[in-house]
Each structure stands twice: as structure tokens, then as C-alpha cells.
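Participant: Sequence order for the protein chains is Z, C, X and Y. Just so we're aligned, residue 1 is where the first sequence starts under the working numbering, counting upward by one. Just so we're aligned, residue 1 is where the second sequence starts under the working numbering, counting upward by one. Just so we're aligned, residue 1 is where the third sequence starts under the working numbering, counting upward by one. Just so we're aligned, residue 1 is where the fourth sequence starts under the working numbering, counting upward by one.
Check each hint, because a few of them may be wrong.
The list treats identical chains as interchangeable, and a pair is accepted whether it falls inside one copy or across any two copies.
With a cut-off of at most 20 Å between alpha-carbon atoms, the simulated DMTMM-like pairs for lysine to aspartate or glutamate come out as follows [unchecked claim]:
#: 1; residue 1: K171; residue 2: E29
#: 2; residue 1: K171; residue 2: D132
#: 3; residue 1: K251; residue 2: D280
#: 4; residue 1: K416; residue 2: E158
#: 5; residue 1: K171; residue 2: E265
#: 6; residue 1: K251; residue 2: E29
#: 7; residue 1: K171; residue 2: D326
#: 8; residue 1: K416; residue 2: D280
#: 9; residue 1: K416; residue 2: D65
#: 10; residue 1: K416; residue 2: D364
#: 11; residue 1: K416; residue 2: D132
#: 12; residue 1: K251; residue 2: D318
#: 13; residue 1: K251; residue 2: D95
#: 14; residue 1: K251; residue 2: E75
Treat the hints as calculated values from the structure; they're not laboratory data. Everything numeric in this text was worked out from a predicted model, so none of it was measured.
Number of protein chains: 4
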Amino acid sequence: MTKLAVWPGAAPLERRYAGVRALSMALAEPLSDADASVQSMPDSSPAKWHLAHTTWFFETFVLRDQVPDYRLHDERWPFLFNSYYEAEGRRHARDRRGMVTRPTLDEVRAYRAHVDAAMAAALPDLGTAALDLVTLGCHHEEQHQELLVTDILHLFSENPLEPALYPPLRKVPVAMPGPIAWTEHGGGLVEIGHDGGGFAFDCEGPRHAALLSPHAIADRTITNGEWATFIADGGYREPRWWLADGWAWVKANGIAAPLYWEQGEAAWTRIGLDGRRAIDPAAPVTHVSFYEADAYATWAGARLPTEFEWETAAAAHDPAGGNQMDAAAAVEPRPAETGAGFFGDVWEWTGSAYRPYPGFRAADGAVGEYNGKFMSGQFVLRGGSCATPRGHARASYRNFFYPQQRWQFTGVRLAKDL
Amino acid sequence: MTKLAVWPGAAPLERRYAGVRALSMALAEPLSDADASVQSMPDSSPAKWHLAHTTWFFETFVLRDQVPDYRLHDERWPFLFNSYYEAEGRRHARDRRGMVTRPTLDEVRAYRAHVDAAMAAALPDLGTAALDLVTLGCHHEEQHQELLVTDILHLFSENPLEPALYPPLRKVPVAMPGPIAWTEHGGGLVEIGHDGGGFAFDCEGPRHAALLSPHAIADRTITNGEWATFIADGGYREPRWWLADGWAWVKANGIAAPLYWEQGEAAWTRIGLDGRRAIDPAAPVTHVSFYEADAYATWAGARLPTEFEWETAAAAHDPAGGNQMDAAAAVEPRPAETGAGFFGDVWEWTGSAYRPYPGFRAADGAVGEYNGKFMSGQFVLRGGSCATPRGHARASYRNFFYPQQRWQFTGVRLAKDL
Amino acid sequence: MTKLAVWPGAAPLERRYAGVRALSMALAEPLSDADASVQSMPDSSPAKWHLAHTTWFFETFVLRDQVPDYRLHDERWPFLFNSYYEAEGRRHARDRRGMVTRPTLDEVRAYRAHVDAAMAAALPDLGTAALDLVTLGCHHEEQHQELLVTDILHLFSENPLEPALYPPLRKVPVAMPGPIAWTEHGGGLVEIGHDGGGFAFDCEGPRHAALLSPHAIADRTITNGEWATFIADGGYREPRWWLADGWAWVKANGIAAPLYWEQGEAAWTRIGLDGRRAIDPAAPVTHVSFYEADAYATWAGARLPTEFEWETAAAAHDPAGGNQMDAAAAVEPRPAETGAGFFGDVWEWTGSAYRPYPGFRAADGAVGEYNGKFMSGQFVLRGGSCATPRGHARASYRNFFYPQQRWQFTGVRLAKDL
Amino acid sequence: MTKLAVWPGAAPLERRYAGVRALSMALAEPLSDADASVQSMPDSSPAKWHLAHTTWFFETFVLRDQVPDYRLHDERWPFLFNSYYEAEGRRHARDRRGMVTRPTLDEVRAYRAHVDAAMAAALPDLGTAALDLVTLGCHHEEQHQELLVTDILHLFSENPLEPALYPPLRKVPVAMPGPIAWTEHGGGLVEIGHDGGGFAFDCEGPRHAALLSPHAIADRTITNGEWATFIADGGYREPRWWLADGWAWVKANGIAAPLYWEQGEAAWTRIGLDGRRAIDPAAPVTHVSFYEADAYATWAGARLPTEFEWETAAAAHDPAGGNQMDAAAAVEPRPAETGAGFFGDVWEWTGSAYRPYPGFRAADGAVGEYNGKFMSGQFVLRGGSCATPRGHARASYRNFFYPQQRWQFTGVRLAKDL
């Protein structure tokens, strides 16, 4: 699964492990025991579960499997904190994770401390295969950090008091972005997928050639202000902009705006990690589904980019740049200069269904369930968001969600045929 | 609504208020913030909600309405903690109560302290109408104490670790009860309903004559051991014992035993407030639905008593006797001598639909919604349970639940025609 | 089950059998094969199924069980045409009855002819027990005749073309009824239930004493015009008139008028067996649920009568009088003189839950499933409707439906306490 | 939408129109009015609806729009027989099509005759654009012919009597096919999509280059016998073979075999248009979902072909060859010699999500809704089936269904990476 061309040694990995684990603790710091235990919908998980599940990953695949004489912290907990690894046996029903008020948040913190201590002791002696699993576990925990943030936001949005988890970020006055500029590409063969330097998830490979057709891609994502124009133009009332499944979703759920938006007296407001605030028309729109993204693109006379077009265009940009998560705070998409780059702010829906690359084979064993079995019904998103830990994203990174899901920080970049 | 023939003065009511409020706090004492915040099913509510809602009742109908210059503890909370009083305006959706992680349990405790202080200050000066509402509020809170206990039990039963909230009660060796003895009644006119002495809920009156037919009523409730025989005899597999709605419920939900029962290797076990333990064959069966109670009675060649037969037979018994709740503990039905009485252990399903007595009229205003609007689709239960605060029950007391509900401490007493 | 004090001999029964069977055929006469085969909702059945099921009843309980050497018309059909008799073995799922396009309507007609011929041959030689079953089968078929009519009406209401099955009945100009007149009753013991003369269903007995409280009962049912006033007064928008279950039903289903009503440009219209027409304000309102009936009564400052009050008041009226079904036609409630009687036009919701009378025991065997197993969750209706075959109704007759059901011809008579 | 390089003149189109319309009538010939009116699930439609909807297409887009003075056969019917064309206004809810017992089957036949007469009169004078719409309408009707057959099969499968619509086809003894032979392809650029000669649907273009990777494709589809081995090997019980969505579908629906299969005493049986019969182990498996196809491929150590691999391999085969529908009969997949071709018997699931080709734009107006709006959530199938009218399929033809759907004649061809 991991594609580590040259192993960098255990010492940097110890620092990386410590850093990742510390960020999870920081994210959970302002949470009460109840905040961390409640599950607000079947798609989300309690924060406590994220904290424990990421720990279970290290305990199971590193300590239990690789460290002689390691004793499980609690033999009953794997049943609770396995996520979806069928090969690891029975597990608690996903939509009942919010029933587990015990162990408490403090007990889960103690679990983390226990495993961290065992990992610190074990790391210097681990072999390459085990170190690969530690690396994988760090990337895995970063994914859950982003979910933890978006799941907490969803939970707080369900509280009629609309509490704020963090104080608002300081606003930096930025002018409205100008019109979209288009970067043209003449088409032809390109190389796609991870090139084998450093870590990547299995679904990012094998690296392979792909054929692009002539197209242009926008230099920035769609803003809240542009989205408000779409709404005002009847975007959610006109079936002709929508895929059939999308229109059925709009009708069945009474969708009329992005998730968390509410029409205030003067203007649209949204719920964020800092509570309810006015939307910033210059900031990238977020919390839209694939269906909404596709409808917007059709209304705008454009389309969504394919994941190959996106990856090709993004190759020139710094994957660690832009508005990504550096610390526990009220992260949100922020206004940016035109041409700010392809990473950060919002995950960008592509028009590509999430399917395997040519030659892809899932790894054997439980970690082989990591990505391959989700390759139906979902669409690829690219780029990373304001809630993605900085350093986690790559040009070849393939995120994926179902077309109706929108509780992640998801947004829209347009493309068009030439 | 209240039927207070002679008002006893404020001083005893102050002691009663303090006692009721203290028991609620004691019940919540072992709960974590998460335990108190999670809602395990739409029928149940978080413990925190019970603590706050009962407080809202006093704040709204006594302090807000009767005490000049009282300021609400928090103006946003009535929306959260109103239960079903349509006349009191919009309220939070019942099945989303578990989303409210904030206010925290400690903040709700502070709310209780605030209202208790205001109540203590106000009580000496309240008029009769307000004192009636305080009395009503005490009885109302006792009802929620029982719900708090049964809701917490349900929540803990959903946790795969099956935690215990309290240590088990000490077992007192008691012989298996002998065969049921039958008390015969020749039929004829009897007086039914509350006689006006002391408090009663509106649905217990008006007192009126009712006509009984000749019948016999059992001197005790059905035991776990007898229920195990019913199961072993195919009770849950034979449609002929069941009402049609009951049989549909059995098939749709795969019902094969009382709620919380599980077939262990050696014997049936159950989850209680003390975790999972073996069932006691001598103790009254509990957590059965009306459908199960009715099927058992049919299988046994008997029937359920009407609520009038029950009330007539119970009149000779002490409503404060038997196994009722005196303190926060692992309450559960316990084995008893034959002929132990009609109160405590389990609420007893009657064959009577919950409908108004002749001449019943709901009171005006919000408190008029207390009972009358629930008079369809539910069945009457009588007698009080091990989770009923001692002193709360009366011979005329009408509890009511839907025929499929069984997370309360509900059981079965038989009757038959003569 | 049947209560035949004196057996009248086979010859009159032969005529009765022939008459009942002929009416079913007449009702089905205007139906196409498709009309007779489609099931429009789980509560209803295809007309073809009614025609076959009533035939199956005679074939099974009379011919198969009582007539030596009788051969089933088709051995595979009992699986299709048993309704709910668990003792008779497996049967086709109720909500899939509309899948049975074969046998065709003509084949079912041939089935009826086959069984009618066998019955005609067998009747002269049947014993008393068998003759009782024939009598029961005739009453059973009359019940299905009413269901056939109301089920077809529902099916046609689901067709956007709103076809008419029959031409409209000739309108007889009748003045609007005057105000309700109230018949007072001082209360006391009355005799309730069937007295043993002639046929009755098992649930109508045992005859027993019941205690009435002083009350008054209306001399006529509520009209469409009065119902329009209820609507105009916000009847469907004010929770205070409604039972809690009723209000939840109103909100979940967007209920704002009786079934089949639609607000036309000038006035309310309704769908009937003659298609869509204006409502007649002088005619009894129909197609209202128990919840609606109860809400109307509360709004009007009255209540629904108990079934005992109704039966006592109805005893003075001719059960074969009023607007009942004499032939296949566009039956509908019609305006009447004040004090027109208690039978016909609409089934009248009572406030009584459908529960067994004192001493009731279901009969043994399959026919024992006839009534007893439905005695939970439903309410009693009395009186017969425009779709009830004349001669079928009695003062002691207990019809029953769930409180939300309203595709029968159901209406409202008020009562009040004195 | 149509891609007619050279218009062949009206005369051949008249013959084609007549032939297509006649086959629809032949398919409906053995149906009763009820057979043709009932809808057995939301995914299917009544045969009568197919007959009327295809006629509505010609009436609307040709006669109404192109023929002066044409009068609609019935102005109320477009509401009933529009399928999903939002631009054509309101329409009857898709899952209520089975409620329309009137118009009758005979009236729909009369509608067809009326439109056919008008079309015959109009055809000689139609312009090129109108003739293109006639051609489109013929292909559209062929699609509905296949749906009519599969929908009727589903309806009959829901009848407990499992009637046969046609007599069984004569069996030709054929040896079991030998092992799969693999056709290798070295990868590289290929041309994909319709080349502009003759008719094609809009989604088959634009023709464009695509890049294949080295792979091999099977020379035949998987047989019933091979599928039985998959079942016997625990194929439906092992999550490791399944996509996550597929495994959830298996568990939620209790899937254990292809649709219509039942485990008989001696062997598997299936329901077909000729009723229930033993499966033929040498015939291609059919009525499997994408999830099943993908699981089989994983179990077999292979994968599904992409639609581009399939189209490239199929280019050498005759699209009018193989087992396709020539007449109304009990069509079913049949055993064949190895290497029989790529067309007929079963639609073959590919691993390609149904998404637009580069440069695809939906046409303006109602016919533009034909394909584009369905391009999410579905997978492409290729090749045509035993129920596809011969002449309808092409190498570039893209059929599409949701991954759980399996009432079409759908099967599996394997591929693998080189």
C-alpha cells in the first residue's frame, strides 16, 4: 500500500508520529465529554470514536501484530473502534457509535497515552514493514482529523443554540476576486498517479498514462457571491440544470442552498466552527454536493474538470500551500488573490467517478480494505481543504464521497472543452 | 387539574419540593456528561433533558407566570426544554434532543440551582393556584424520574460493553412463589376514579360509577420463570395467541423474549441497571409489551384485567407499599411473598384502552395538554414499579403507553371471567 | 360464532345466498380486468380478490370441510385467496395482492360459478352447523361488497383522469338541515349487545349490562357544509383541537380536508363513484378519520358518543332504513330530513376503542380468527353506510377501523355530557 | 442527437416504422388487460404504459410539433404518458403508473392505431429534422420493447402461480463451453464512439481517442454452471469479494443467488418467460447486478472490462449476430459455441461509470433530456441481450443501469490486466 522508495529512518518518523498525535489532542481540547460522544448522523462519527479508532489502528497493526508481548489496553475495545475492516472481525454498527458513552473521553485520552507510550518504546526497533504501517497510520489519522472537524461542525449545527467551538478568525480585508481566468491545455498524453517518491495511498497508483482532450480549467474556485447569484437566478428551481438523481435529491430534501446556509433578513448566513455568521461573498463556496456542483457548472455553461485534468493543472502548484489546517481553530475557506493555487480552502468535486486505475490491485489482508472496496458510487475530489492538515495533500491525492454528501468542506472549480 | 380538597400550607410543600428535587440530582449523580446527553431512541430522552425539562416546568408555570420580575435563566432554553406543550410555542424536535451537547450537564445543574433558589424565595408568598402548580410540578418531576431511570437503562443496553450504572442489590433468598391465588368479585356497580383527597392528575377523574362483571383477579404478577415456560412452549412462534397487530410486531422485529433478555449458555440473562446478570425466576417478569402481556394471558387461558377491576381490587392495598423507588440504586423487580400487594415492582398492563372518563374535560391553557391529548392508541397500566418514587402511586393512578412499548418496568397480572 | 336462535330452514337461505352472490357480480359488472386486478394501497384489495376470497370462504369452510368428495376448483388458489386466517396456512402477502393478474377476472367469475353450482347442489343436505357457516359466509360477503366499493373508489381516485364508474345519481332537491337537535338520556344501566335473535358476529356479544352516564346525542350527522366551516375556522391548523397522534398524522401527511376533497376555484369538490363533482353542503360529511372526527367534536364543544350510547339511541330506529346499498350504483351520502335515523349514509365514529365485551371468547379454529384478533388499536364505528348492503346492519353491529383510516364512508355524530 | 450522415429517404423509414410498431403489438398480444396495467415495482412500468408512451413520443415530437392541424388523440393523456421529460411539463408520478386502469389496453391499442394512421399520412411530407425524430422514435420504441419484456417477466415472477407467458423454446443440445479463451491487447490509443454512419444516441459520441492499457478480454460470458460454483464456494457469504456498497446490498436484501433463481430439491431453477424451469448450466448467467458481476470477477482473479476495452474487442463482431430478439417469444440466454461473439444473450456489465465523453453536450429542448441527465450513479453495459430487438445494438451502444438493478438480462464477461 505505501510507496516508500527510500526509508528515511525511524527518528523523523518519531517526530512525525508525535506531531500528528498532538494535533488530534489539540482538536479535541475544547470538546466536552458529551460533544465528543454524540453522533449527529449515520455519515458522521463521534470525536471520541475518531480519537480511539486512530489509536486502535496503531495498536492493532503495529503493536499487536509487530511487538512481542504487547497486551491490548482493553480487550473489549477493538469491537468498538474497528471501523470497516471486515477481516478484523465483528464490529459495532456504524450508526450506533453514538451510544457508547463509556469509555469516557478521559478514558479514551488515557488509551491514547497508553498506546503512545508503547509506540515510543517500540519505534526504534521496528522493521521496515512496521514503519510503513506507522507512516500509513499517521496519514490515516490525518484523514480522521479532517473528519473530526467536519463531524463536530455538523453536530454543533444540529444544536438549536448554534454554539461556537472556536472564536472567529481575524478577517483580512481582501477585494472580491476578479473574473475567472482560464488555463488552456491542448490535450494529449499525460502521466497520472503517484510517482513513487514519498507516501501515497494505494488508490493513487499505479502511475499511468492518460489521454486529455483539449480543455481549459479555471484559475480559482467559485465564490459564495457567485453562488448567491446562482440561487437568485433560480438555480435550485430549474430541473434543466440538474442531473436526474440530483433533481430527485433536491425535491426529496427541499434543498435550496448549500448546507449550513440560512437566509437572514439582510443576507445569507452560515454556521461555521465559530457559530453563525454572515457569508463572505469573496470566499470560496463550500458544503455543496456533487449534484449542486454539477448543476452550477451546467448553469454556468461549463463542466467540472476530470480528475486527470485537475491533476495535470495542479502539478505546478505547491501542495503544502494555500489555506490548510495548521492548528485547532475555526478553519474556513477564505478569500484569496486570483490564481491562488489548487490546494487548500475546499475539496474540489471532479467529474470523475472513483474507480481503480489500470493495474490497481488491493493489498492483501485488512489494510487492503483501505480504499479499493469503496470504488463504486462515489466521485473523486481533489486538492485538500481548510480542514486538511497541511502536508497531507498531494497532486495525486484522491478523496471520494457520494454525490449527495456535503458536510465536508467541498467546493467547485470549473472547466470547459476547447 | 389538581384536586386538592384542603390545602396543607406552604411549609410541607417546601419540604416536598426539596425532596423531589434532591432525588433527581441523586439519580443523575453517577452519570457522565455524555451519559446524560445521548438519546438512545426517539421514545426516550437524555437524562440532562429530564433534569432541565422538569426545571423548565417550575420556571415557566410558577416563576415566569406567577412571580413578578422573575428573569428567565436563559431565554433560549425554553425552546430546548419544552416537551409537548403546543400552547407554549415552538420547541425542539423530540427525536433530536440528543443533539444538544450544550448546555452541559453542569450547566443544567446550575440551572436547577438557580430555579431552586428562586422557588425557595417565592414559595412562602405563592397563592393557592400557584401552590397547586408547584404540587403538580413535583408529581410531574416524579414521572420524569422514572423515565430518567428507564431511559438510562435503555442507553446502557445499547452500549456493547453493557456497563453497570450501580452495583447490584443484595439478593435476599426467597422461595419461588406458589401458584396464583384468585380473588373473586361478584360484579356490580363500583366507584372508580380519584375521590378528591390529595393530589391526582386530571385523567383520574371525574370519579364515577362503573359496572363490573363477575371475575377473578390474580393475587400476584407473572414471574420470569413462568415467562420462560411460555417461551419454551413456543409462545413467540404461535400466531394463535397473539392479537393481529401484536403478531405483525413480533414478525417485523424478530421478537422472541422480553426486552433486555438474552439466551446465555446456561440460562436467560438480562441487562439491568447493574449490568448483565442471570434472570431471577422468582421475580416478576418485566419489559414486556402489551402485545406480549395479552398473548401470555391468552396462552394461559386467562385475560388481562380491566383498569376498573384492577382499581377495585387494589383499593385494599397500601399504594406506598411494595418495591418502589426510595433512592438512586439498581432498582429491579424482586421476588415477593404470594399476595404481596398491588403496588410496586412492575406497572401492570390492563386490557383497557386509555380513554377519558365520563365528564372529563381537559383544563384550559398549556397544562390542559397534560393528559387528554394522549387519549388514543395507548393502553392503561396500573400500580407503579420499582422505578416509581414511593408515594407517587395511587389506586386511581392511570399510566399509559403504546402497546408495543416495553422499555418501562412493565409486567402482567392475570384475570378471568367467572 | 353465529347466534341463530331458530334455524329458518334451507330454502330461504338458498334465496339469500343467491341474492348476495348476485350483488357481488353486479358490483363487478362495470369493471375491466385491470380495474379488478390493481391494488391501490396496502389497506385495500383488488375487486377480483374480493370476488375470489368470498368464494374461497364457501369453498373452504362449507364445500371442502362439509361436502364429501368435493374437489377444489384449483388447488393453488387457496394460497392466493385466504385473507388472514393463520390457521388455514400460508397465504399471499396482503400488500402484493395486486400482482396477481392471473387468474383473470373471467377466470374468477368461472370460479364463482363453479362454487355456486356446488353450493346449490349441497345446500339442501347441509346440517345446521354447515348452514350456520353459509349464513356467516353471506354476511362475510356483504362486508366485502362494501370494501369492494370503497376500494374501487380509492383506485379510481388515484387515476389522474378521475374516471367515473357509474353515472351520477339523480339529485333530489332537499333543504339544508336545521340545527342539530339533541336527544337526552338520564344515564343508568342498559342492555348492550346482540340479543340472540338472528345472525350476529361474535364480537357483538355476549349481551351484557352497561352503565351510561347522563348525556345527549345528536339527531343527525355533521354535514359537508358544517365541515367546510370547520376548515374555514382553521380546524386543520390548530393543534388544540387534536389528539396528539392525530396532530402528528395531520402534519406528517399534510392533511387539510376530508379524503377526496379538492379546493376548486369556486368551491370544494370531491371524487365519488360518479367522478369529480361539487360537494353537496347538505349531505353528511364522509371520508373523515377518527382523528378528524374527534377534532371536529372538540372544536364544536362536544364529543363523540360511546358505542353504548349510540346503540341505546339507535335501538328505536329501523336498521334497514335510510340510505343503504340496494344495487350497484354511485352510492353516496345524501341530504336527509332532520331526524332521519341512525342507519345508512355514513359509518359513525364512536369514542370507544374496539375491545372485547365481558365474557367474550373467540371461537375455536380458523373462523375464530374472525374478529377477536383485531381488538387493539382500532375504534368502533356504528350504523352502516350508503355502501352497506341493506339488511346487513344491526343496532349491535360493531364495525372497526384504525383511527387514521378514512377510505370507507365514515362520518360524525356528536354527543355531549349532561 | 441523431447522427445521420446521409438521409436514406422516407420510404425505408416507413417500412422501419411499421416493423417496429408491429413488434410492440406482437409483444403485447398474449397480455390481458390486467397484465398490461399492473406495475410490479417502481423501476418497472406497465406494458400498457410502454405501448402508450412510445406512441406519445411520436405524437408529441412529430405530429404535434411538425404536422399542422394535428389534433391530440386525447388532451389528457400526455400527462399520463410522458416519462421524464421535465421540459414537457407535469407528468404522472413514475411509481403510480400502475394506478391507471383506464384507458384500457384496447383503448391504448386504438391510440396506437390513430397515431400510426396519422404518421403514415405525414411521413411522405416530413422534412429532415422530423424524419430524424421518427428514426429516434423507432430506436426509442425498441428500447421500450426490451423493457416491456423484462417488466412483464418481473410482474409474472411476483405472481405466486408463476405463470408462463410463452411456451418454452425448443432446446438444442449443446456441449458445455470449454474454458475461457483470452484475447490479448497490447494497449495504446484507439478510437471510441459512434463514427457518424447511421443512427446513434447522443451519448455514444463524440467519437474520440481513448488510451487502453495492456489487457486480455474473455471470449465468452460466464455461464450458469460457473455461477453455481461461485455460490457453492461461498461467493455470497464472503465480504472480501465485494465492493462495500455491494456487500451492504447483499446483507440488507438477503441476496444469495441471481434474481429469479430458487434452490430446488435437485438443482437451481429460475423463472423465465416460459415459467419456472431448471437452469441450463451451459447458458450465460443473467439477472445479476453490477455488484454481483464485480464480486464474481474479484473471486475469479479477474476484473470487468472497461467500456473502451469492450468496444475495441467487439468491433470485429457483427452487432446483428447472436441471440437477439426477432419475435415475441420466451427469449432467454442460450448456450453457444465458444467465441460466439459479443452481441446478444446478455448485456455485459463493464467497470465504467456512465459519464459523458469528452465534448459531449446535451441537445436543446426536451429530447436533450434523453441521456445526459442520467450520467451519475450508473454503470455502462454493452452488447445487447436476447430481449434486444435485432438491429438495435451497435458496438458503440451504451446501455446503463444502477449497480443494484438486475431485472434486465444482464451478465458478465471478464477481463484482466497484462
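Participant: Give a verdict on every hint.
Facilitator: Verification of the hints:
1. In this homomeric assembly, K171 and E29 never come within 20 Å of each other (Cα to Cα): the closest approach is 24 Å inside a single copy and 44 Å across copies.
2. In the homo-oligomer, the alpha carbons of K171 and D132 never lie at most 20 Å apart, since the shortest distance is 41 Å inside one protomer and 55 Å across protomers.
3. In this assembly of identical chains, the alpha carbons of K251 and D280 never lie at most 20 Å apart, being 27 Å within a copy and 36 Å across copies at closest.
4. Neither within a single protomer nor between protomers do K416 and E158 lie at most 20 Å apart by alpha-carbon distance, with minima of 38 Å and 46 Å respectively.
5. In this assembly of identical chains, the alpha carbons of K171 and E265 never lie at most 20 Å apart, being 22 Å within a copy and 55 Å across copies at closest.
6. In the homo-oligomer, the alpha carbons of K251 and E29 never lie at most 20 Å apart, since the shortest distance is 39 Å inside one protomer and 39 Å across protomers.
7. For the homomeric pair K171 and D326, the shortest alpha-carbon distance inside one copy (17 Å) is at most 20 Å, but the shortest distance between copies (57 Å) is not.
8. In this assembly of identical chains, the alpha carbons of K416 and D280 never lie at most 20 Å apart, being 27 Å within a copy and 50 Å across copies at closest.
9. Taking identical chains as interchangeable, the C-alpha atoms of K416 and D65 are never at most 20 Å apart, the minima being 50 Å within one chain and 33 Å between chains.
10. When the C-alpha separation of K416 and D364 is checked against a cutoff of 20 Å, the pair qualifies only between copies, where the shortest distance is 18 Å, while the shortest distance within a copy is 40 Å.
11. When the C-alpha separation of K416 and D132 is checked against a cutoff of 20 Å, the pair qualifies neither within a copy, at 40 Å, nor between copies, at 29 Å.
12. For the homomeric pair K251 and D318, neither the shortest alpha-carbon distance inside one copy (40 Å) nor that between copies (44 Å) is at most 20 Å.
13. In this assembly of identical chains, K251 and D95 lie within 20 Å of each other by CA distance solely across copies; the values are 15 Å between and 25 Å within a copy.
14. Taking identical chains as interchangeable, the C-alpha atoms of K251 and E75 are never at most 20 Å apart, the minima being 47 Å within one chain and 27 Å between chains.
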